[in-house]
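For the sequence shown, the working numbering assigns the number 1325 to the last residue and increments by one with no breaks.
In short, the hints are calculated from the structure, not lab data. You may find that some hints are simply not true.
[Claimed, not checked] Label pairs and their in silico Cβ distance ranges:
1. G1148 - A1015: 45 to 51 angstroms
2. I1050 - L1193: 41 to 47 angstroms
3. A979 - G1075: 41 to 47 angstroms
4. D985 - Q1161: 19 to 25 angstroms
5. W1213 - S998: 41 to 47 angstroms
6. F977 - G1075: 21 to 27 angstroms
[As the list claims (entries may be wrong)] List time: in silico EDC-like cross-link candidates among lysine to aspartate or glutamate, alpha-carbon distance up to 16 angstroms:
7. K1273 - D1221
8. K1256 - E1301
9. K1256 - E1246
10. K987 - E1076
11. K1256 - D1221
12. K1273 - D1053
13. K1192 - D1156
Glycine included, C-beta positions come from ideal geometry on N, C-alpha and C.
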Amino acid sequence: FDATLIARDAKTDVAVIKLASSEEFPTINLGDSESLMLAETVIAIGNAYGYENSVSVGVVSELHRTVQVSDDQIYYDLIQTDAAINPGNSGGPLLNIQGEMIGLNVAVRVGAQGIAFAIPVNQVMEIVAGLIAERTGGVAVHGIMGRTVSESGQTHYVVEQVVAASAANRVGLTAGDRIDSIDGQPIHNRFDFERAFLAGSGDGEFEISFTREGAKLDATMSLERQVEAIAGDDPIWDVLGVRLDSVESDDFRRLSERYSGGMLVTEVREGGPASRRGIKPNDVLVGIHIWETTSLKDIRYILSRPEVLNSSQGVSFFLLRGREEFFGNIRLSSNDESTASATATAASR
977 FDATLIARDA
987 KTDVAVIKLA
997 SSEEFPTINL
1007 GDSESLMLAE
1017 TVIAIGNAYG
1027 YENSVSVGVV
1037 SELHRTVQVS
1047 DDQIYYDLIQ
1057 TDAAINPGNS
1067 GGPLLNIQGE
1077 MIGLNVAVRV
1087 GAQGIAFAIP
1097 VNQVMEIVAG
1107 LIAERTGGVA
1117 VHGIMGRTVS
1127 ESGQTHYVVE
1137 QVVAASAANR
1147 VGLTAGDRID
1157 SIDGQPIHNR
1167 FDFERAFLAG
1177 SGDGEFEISF
1187 TREGAKLDAT
1197 MSLERQVEAI
1207 AGDDPIWDVL
1217 GVRLDSVESD
1227 DFRRLSERYS
1237 GGMLVTEVRE
1247 GGPASRRGIK
1257 PNDVLVGIHI
1267 WETTSLKDIR
1277 YILSRPEVLN
1287 SSQGVSFFLL
1297 RGREEFFGNI
1307 RLSSNDESTA
1317 SATATAASR
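Given the sequences, and given the hints that come with them, work out the whole structure.
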(Lines of atoms letter the chains of each structure in order from A and count residues from 1; the text may use other names and numbers.)
(Lines give C-alpha, C1' and ligand atoms only; values in the text may rest on other atoms or scores of the structure.)
Protein backbone atom coordinates (compact mmCIF):
# COMPACT_ATOMS: atom_id res chain seq x y z
CA PHE A 1 0.00 0.00 0.00
CA ASP A 2 1.04 3.60 -0.57
CA ALA A 3 1.21 5.70 2.58
CA THR A 4 1.64 9.30 3.64
CA LEU A 5 4.05 10.25 6.42
CA ILE A 6 2.12 12.15 9.08
CA ALA A 7 4.95 12.72 11.57
CA ARG A 8 8.21 11.15 12.73
CA ASP A 9 10.19 11.22 15.96
CA ALA A 10 13.88 11.04 15.13
CA LYS A 11 14.82 10.36 18.76
CA THR A 12 12.94 7.04 18.91
CA ASP A 13 12.61 6.31 15.17
CA VAL A 14 8.83 6.04 15.59
CA ALA A 15 6.64 7.37 12.78
CA VAL A 16 2.93 7.83 12.11
CA ILE A 17 1.77 7.01 8.58
CA LYS A 18 -1.61 7.04 6.86
CA LEU A 19 -2.39 4.26 4.40
CA ALA A 20 -3.83 5.45 1.10
CA SER A 21 -6.73 3.01 1.03
CA SER A 22 -10.43 2.96 1.87
CA GLU A 23 -10.08 -0.68 2.95
CA GLU A 24 -10.74 -1.53 6.57
CA PHE A 25 -7.67 -3.05 8.19
CA PRO A 26 -7.47 -5.40 11.17
CA THR A 27 -5.98 -3.83 14.27
CA ILE A 28 -3.89 -5.25 17.06
CA ASN A 29 -5.08 -5.24 20.65
CA LEU A 30 -2.91 -3.21 23.01
CA GLY A 31 -1.79 -4.51 26.38
CA ASP A 32 -0.52 -2.62 29.41
CA SER A 33 3.26 -2.45 29.61
CA GLU A 34 3.02 -1.14 33.18
CA SER A 35 1.81 -4.56 34.34
CA LEU A 36 4.70 -6.57 32.86
CA MET A 37 6.56 -8.97 35.13
CA LEU A 38 10.09 -10.34 34.93
CA ALA A 39 10.24 -13.77 33.25
CA GLU A 40 6.84 -13.21 31.62
CA THR A 41 6.62 -14.93 28.22
CA VAL A 42 6.76 -12.60 25.20
CA ILE A 43 6.59 -13.12 21.44
CA ALA A 44 8.45 -11.03 18.83
CA ILE A 45 7.16 -10.80 15.26
CA GLY A 46 8.93 -9.21 12.30
CA ASN A 47 10.77 -9.64 9.02
CA ALA A 48 14.04 -11.02 10.33
CA TYR A 49 16.66 -10.76 7.56
CA GLY A 50 13.77 -10.33 5.11
CA TYR A 51 11.92 -13.48 6.18
CA GLU A 52 8.38 -12.19 6.60
CA ASN A 53 6.30 -12.92 9.70
CA SER A 54 9.15 -14.52 11.62
CA VAL A 55 8.14 -15.41 15.16
CA SER A 56 10.45 -15.84 18.14
CA VAL A 57 9.67 -16.47 21.78
CA GLY A 58 11.41 -15.38 24.96
CA VAL A 59 10.82 -13.77 28.32
CA VAL A 60 11.01 -10.32 29.84
CA SER A 61 14.60 -10.19 31.07
CA GLU A 62 14.44 -6.75 32.70
CA LEU A 63 12.49 -3.49 32.64
CA HIS A 64 13.39 0.21 32.55
CA ARG A 65 16.64 -0.22 30.62
CA THR A 66 18.49 2.78 29.13
CA VAL A 67 20.27 2.00 25.85
CA GLN A 68 22.51 4.33 23.85
CA VAL A 69 22.63 3.20 20.22
CA SER A 70 24.65 6.15 18.83
CA ASP A 71 26.14 9.46 19.89
CA ASP A 72 22.83 11.24 19.34
CA GLN A 73 20.26 8.51 19.98
CA ILE A 74 19.40 7.18 23.43
CA TYR A 75 16.39 5.04 24.34
CA TYR A 76 14.98 5.25 27.86
CA ASP A 77 12.83 2.87 29.89
CA LEU A 78 13.07 -0.08 27.49
CA ILE A 79 11.92 -3.67 27.91
CA GLN A 80 14.83 -6.12 27.73
CA THR A 81 14.02 -9.55 26.31
CA ASP A 82 15.88 -12.66 25.18
CA ALA A 83 13.43 -13.23 22.32
CA ALA A 84 15.43 -13.19 19.09
CA ILE A 85 15.14 -9.75 17.47
CA ASN A 86 17.24 -9.66 14.32
CA PRO A 87 17.70 -7.02 11.58
CA GLY A 88 14.28 -6.62 10.00
CA ASN A 89 12.44 -7.13 13.30
CA SER A 90 12.74 -3.45 14.21
CA GLY A 91 9.29 -1.89 14.22
CA GLY A 92 7.55 -5.20 14.78
CA PRO A 93 5.37 -5.88 17.81
CA LEU A 94 6.36 -7.58 21.04
CA LEU A 95 3.33 -9.52 22.28
CA ASN A 96 2.23 -11.11 25.52
CA ILE A 97 0.68 -14.59 25.57
CA GLN A 98 -2.79 -13.03 25.12
CA GLY A 99 -1.64 -11.70 21.75
CA GLU A 100 -1.70 -8.11 22.98
CA MET A 101 1.04 -5.73 21.90
CA ILE A 102 3.13 -4.73 24.91
CA GLY A 103 6.17 -3.31 23.11
CA LEU A 104 7.70 -2.11 19.85
CA ASN A 105 10.93 -3.89 18.90
CA VAL A 106 13.73 -1.39 18.39
CA ALA A 107 17.25 -2.61 19.12
CA VAL A 108 19.63 -5.47 19.79
CA ARG A 109 22.92 -5.60 21.64
CA VAL A 110 25.52 -6.08 18.92
CA GLY A 111 27.87 -8.97 19.66
CA ALA A 112 25.63 -10.44 22.35
CA GLN A 113 23.12 -13.25 22.19
CA GLY A 114 19.74 -13.08 23.85
CA ILE A 115 19.77 -9.33 24.54
CA ALA A 116 17.20 -7.27 22.67
CA PHE A 117 15.01 -4.30 23.52
CA ALA A 118 11.53 -2.93 22.89
CA ILE A 119 9.81 0.37 23.66
CA PRO A 120 6.92 -0.25 26.12
CA VAL A 121 3.57 0.11 24.36
CA ASN A 122 2.34 2.74 26.84
CA GLN A 123 5.36 4.86 25.95
CA VAL A 124 4.78 4.22 22.23
CA MET A 125 1.24 5.53 22.48
CA GLU A 126 2.44 8.67 24.27
CA ILE A 127 5.05 9.23 21.56
CA VAL A 128 2.44 8.75 18.84
CA ALA A 129 0.03 11.09 20.62
CA GLY A 130 2.77 13.70 20.78
CA LEU A 131 3.52 13.30 17.08
CA ILE A 132 -0.14 13.75 16.20
CA ALA A 133 -0.30 16.78 18.48
CA GLU A 134 2.63 18.28 16.57
CA ARG A 135 0.69 17.84 13.34
CA THR A 136 -2.55 19.35 14.70
CA GLY A 137 -1.01 21.96 17.00
CA GLY A 138 -1.95 20.04 20.14
CA VAL A 139 -2.35 21.97 23.37
CA ALA A 140 -1.40 25.20 21.60
CA VAL A 141 -4.62 24.82 19.57
CA HIS A 142 -7.21 23.05 21.73
CA GLY A 143 -5.80 24.23 25.07
CA ILE A 144 -6.23 20.99 27.02
CA MET A 145 -3.54 19.39 29.15
CA GLY A 146 -4.71 16.03 30.45
CA ARG A 147 -3.66 12.58 31.54
CA THR A 148 -4.82 9.00 31.20
CA VAL A 149 -6.25 7.52 34.41
CA SER A 150 -7.42 4.01 35.28
CA GLU A 151 -10.75 3.55 37.01
CA SER A 152 -12.60 0.29 37.67
CA GLY A 153 -10.53 -1.55 35.07
CA GLN A 154 -11.06 1.11 32.39
CA THR A 155 -8.93 4.01 31.23
CA HIS A 156 -10.20 7.56 30.79
CA TYR A 157 -8.70 10.85 29.64
CA VAL A 158 -9.12 13.55 32.27
CA VAL A 159 -8.48 17.28 31.89
CA GLU A 160 -5.74 18.51 34.23
CA GLN A 161 -5.43 22.08 33.03
CA VAL A 162 -7.09 24.38 30.48
CA VAL A 163 -5.07 27.16 28.85
CA ALA A 164 -6.67 30.59 29.24
CA ALA A 165 -8.39 32.01 26.11
CA SER A 166 -8.07 28.64 24.35
CA ALA A 167 -10.79 26.79 22.44
CA ALA A 168 -11.40 24.53 25.46
CA ASN A 169 -11.62 27.51 27.80
CA ARG A 170 -14.19 29.20 25.55
CA VAL A 171 -16.59 26.24 25.80
CA GLY A 172 -16.21 25.98 29.57
CA LEU A 173 -14.07 22.86 30.00
CA THR A 174 -12.28 22.79 33.35
CA ALA A 175 -9.80 20.65 35.27
CA GLY A 176 -11.36 17.37 36.39
CA ASP A 177 -13.65 16.99 33.38
CA ARG A 178 -13.49 13.50 31.82
CA ILE A 179 -13.48 13.52 28.02
CA ASP A 180 -15.83 10.72 26.90
CA SER A 181 -16.00 11.22 23.12
CA ILE A 182 -15.13 13.60 20.30
CA ASP A 183 -17.34 13.56 17.21
CA GLY A 184 -18.76 10.26 18.44
CA GLN A 185 -15.37 8.56 18.78
CA PRO A 186 -14.75 7.14 22.29
CA ILE A 187 -11.81 8.67 24.14
CA HIS A 188 -9.86 6.40 26.50
CA ASN A 189 -6.38 7.95 26.50
CA ARG A 190 -4.27 10.79 25.14
CA PHE A 191 -3.75 9.01 21.83
CA ASP A 192 -7.51 8.77 21.23
CA PHE A 193 -7.84 12.43 22.21
CA GLU A 194 -5.17 13.85 19.89
CA ARG A 195 -6.15 11.53 17.03
CA ALA A 196 -9.72 12.85 17.14
CA PHE A 197 -8.49 16.30 16.13
CA LEU A 198 -6.41 14.82 13.30
CA ALA A 199 -9.46 12.99 11.95
CA GLY A 200 -11.82 15.97 12.16
CA SER A 201 -14.33 16.83 9.44
CA GLY A 202 -12.33 19.86 8.33
CA ASP A 203 -14.80 22.59 9.38
CA GLY A 204 -12.86 23.29 12.57
CA GLU A 205 -15.73 22.24 14.85
CA PHE A 206 -15.74 19.22 17.16
CA GLU A 207 -18.59 17.81 19.23
CA ILE A 208 -17.21 16.93 22.66
CA SER A 209 -19.02 14.84 25.25
CA PHE A 210 -17.62 14.93 28.77
CA THR A 211 -18.49 14.07 32.35
CA ARG A 212 -18.30 16.56 35.22
CA GLU A 213 -19.03 15.33 38.74
CA GLY A 214 -21.23 12.56 37.35
CA ALA A 215 -23.20 14.80 34.98
CA LYS A 216 -23.00 14.14 31.23
CA LEU A 217 -22.37 17.33 29.24
CA ASP A 218 -21.82 18.27 25.60
CA ALA A 219 -20.09 21.17 23.88
CA THR A 220 -19.10 22.26 20.39
CA MET A 221 -15.45 23.28 20.29
CA SER A 222 -14.39 25.55 17.43
CA LEU A 223 -10.72 25.72 16.46
CA GLU A 224 -11.24 28.42 13.82
CA ARG A 225 -9.64 31.02 16.09
CA GLN A 226 -6.56 28.93 16.79
CA VAL A 227 -4.07 31.43 15.29
CA GLU A 228 -5.34 34.27 17.46
CA ALA A 229 -5.37 32.04 20.52
CA ILE A 230 -1.76 30.95 20.00
CA ALA A 231 -0.55 34.48 19.33
CA GLY A 232 -2.30 35.92 22.36
CA ASP A 233 -1.68 33.09 24.79
CA ASP A 234 1.61 31.29 24.20
CA PRO A 235 1.96 28.33 26.61
CA ILE A 236 5.76 28.66 26.49
CA TRP A 237 5.51 32.25 27.73
CA ASP A 238 2.76 31.41 30.25
CA VAL A 239 4.28 28.23 31.67
CA LEU A 240 8.03 28.67 31.25
CA GLY A 241 8.22 32.46 31.15
CA VAL A 242 10.44 32.92 28.08
CA ARG A 243 10.23 33.78 24.43
CA LEU A 244 12.40 31.69 22.15
CA ASP A 245 13.86 31.78 18.67
CA SER A 246 15.68 29.20 16.59
CA VAL A 247 19.46 28.95 16.34
CA GLU A 248 21.10 28.30 12.98
CA SER A 249 22.79 24.90 12.92
CA ASP A 250 26.22 26.34 12.04
CA ASP A 251 26.00 28.84 14.90
CA PHE A 252 24.93 26.10 17.31
CA ARG A 253 27.79 23.78 16.34
CA ARG A 254 30.22 26.52 17.33
CA LEU A 255 28.68 26.45 20.81
CA SER A 256 28.38 22.70 21.42
CA GLU A 257 28.87 19.31 19.82
CA ARG A 258 27.15 17.54 22.71
CA TYR A 259 23.59 18.48 21.73
CA SER A 260 21.83 18.37 18.37
CA GLY A 261 20.31 21.84 18.71
CA GLY A 262 18.67 24.37 20.99
CA MET A 263 16.44 27.44 21.24
CA LEU A 264 17.71 30.98 21.86
CA VAL A 265 16.13 32.83 24.78
CA THR A 266 15.13 36.28 23.47
CA GLU A 267 13.04 37.51 26.41
CA VAL A 268 12.48 36.44 30.02
CA ARG A 269 9.32 37.32 31.95
CA GLU A 270 10.19 39.04 35.22
CA GLY A 271 9.15 36.90 38.18
CA GLY A 272 8.39 33.88 36.00
CA PRO A 273 9.79 30.36 36.52
CA ALA A 274 12.72 30.91 34.11
CA SER A 275 13.60 34.27 35.66
CA ARG A 276 13.63 32.81 39.15
CA ARG A 277 16.01 30.10 37.99
CA GLY A 278 18.50 32.58 36.59
CA ILE A 279 17.78 32.01 32.90
CA LYS A 280 18.75 35.10 30.88
CA PRO A 281 18.32 36.48 27.35
CA ASN A 282 20.88 35.02 24.92
CA ASP A 283 21.02 31.73 26.84
CA VAL A 284 20.40 28.71 24.59
CA LEU A 285 17.94 26.17 26.04
CA VAL A 286 19.06 22.67 25.00
CA GLY A 287 17.00 20.35 27.20
CA ILE A 288 14.12 19.96 29.64
CA HIS A 289 13.69 16.77 31.67
CA ILE A 290 14.71 13.87 29.34
CA TRP A 291 14.06 15.69 26.06
CA GLU A 292 16.17 17.94 23.88
CA THR A 293 14.63 21.30 22.95
CA THR A 294 15.49 21.80 19.30
CA SER A 295 12.22 23.42 18.21
CA LEU A 296 9.12 25.18 19.52
CA LYS A 297 7.20 21.98 18.79
CA ASP A 298 9.57 20.08 21.08
CA ILE A 299 8.99 22.52 23.90
CA ARG A 300 5.21 22.68 23.50
CA TYR A 301 5.13 18.88 23.60
CA ILE A 302 7.30 18.80 26.73
CA LEU A 303 5.10 21.40 28.44
CA SER A 304 2.02 19.32 27.63
CA ARG A 305 3.39 16.38 29.62
CA PRO A 306 1.71 16.06 33.05
CA GLU A 307 4.89 14.68 34.64
CA VAL A 308 6.67 17.89 33.64
CA LEU A 309 3.96 20.45 34.34
CA ASN A 310 2.76 18.95 37.61
CA SER A 311 5.99 17.67 39.16
CA SER A 312 6.12 18.79 42.78
CA GLN A 313 9.91 18.40 42.72
CA GLY A 314 10.38 20.28 39.45
CA VAL A 315 12.22 19.07 36.37
CA SER A 316 15.77 19.52 35.16
CA PHE A 317 16.76 21.97 32.47
CA PHE A 318 19.98 22.40 30.51
CA LEU A 319 21.28 25.50 28.75
CA LEU A 320 24.34 27.02 27.14
CA ARG A 321 25.66 30.45 28.08
CA GLY A 322 28.33 31.08 25.51
CA ARG A 323 30.31 27.84 25.42
CA GLU A 324 29.66 27.12 29.11
CA GLU A 325 26.98 24.60 30.04
CA PHE A 326 24.57 25.16 32.92
CA PHE A 327 21.88 23.02 34.46
CA GLY A 328 19.29 23.40 37.18
CA ASN A 329 15.85 22.41 38.39
CA ILE A 330 12.68 24.32 37.57
CA ARG A 331 9.11 23.97 38.78
CA LEU A 332 6.58 24.94 36.14
CA SER A 333 3.06 26.28 36.40
CA SER A 334 0.95 28.67 34.35
CA ASN A 335 -1.13 29.60 37.38
CA ASP A 336 1.17 29.57 40.40
CA GLU A 337 4.34 31.62 40.28
CA SER A 338 5.22 31.26 43.95
CA THR A 339 7.35 28.14 43.54
CA ALA A 340 11.06 28.22 42.85
CA SER A 341 14.19 29.24 44.49
CA ALA A 342 17.66 28.80 43.02
CA THR A 343 19.63 29.82 40.02
CA ALA A 344 21.17 27.70 37.33
CA THR A 345 24.29 25.94 38.51
CA ALA A 346 27.44 25.76 36.43
CA ALA A 347 28.03 22.22 35.25
CA SER A 348 31.42 20.69 34.74
CA ARG A 349 30.77 18.08 32.09
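Do the hints match the structure? See the list:
no., hint, verdict
1, G1148 - A1015: 45 to 51 angstroms, "holds, 50 angstroms"
2, I1050 - L1193: 41 to 47 angstroms, "holds, 43 angstroms"
3, A979 - G1075: 41 to 47 angstroms, "violated, 25 angstroms"
4, D985 - Q1161: 19 to 25 angstroms, "holds, 24 angstroms"
5, W1213 - S998: 41 to 47 angstroms, "holds, 43 angstroms"
6, F977 - G1075: 21 to 27 angstroms, "holds, 23 angstroms"
7, K1273 - D1221, "holds, 12 angstroms"
8, K1256 - E1301, "holds, 13 angstroms"
9, K1256 - E1246, "holds, 10 angstroms"
10, K987 - E1076, "violated, 25 angstroms"
11, K1256 - D1221, "holds, 14 angstroms"
12, K1273 - D1053, "violated, 23 angstroms"
13, K1192 - D1156, "holds, 9 angstroms"
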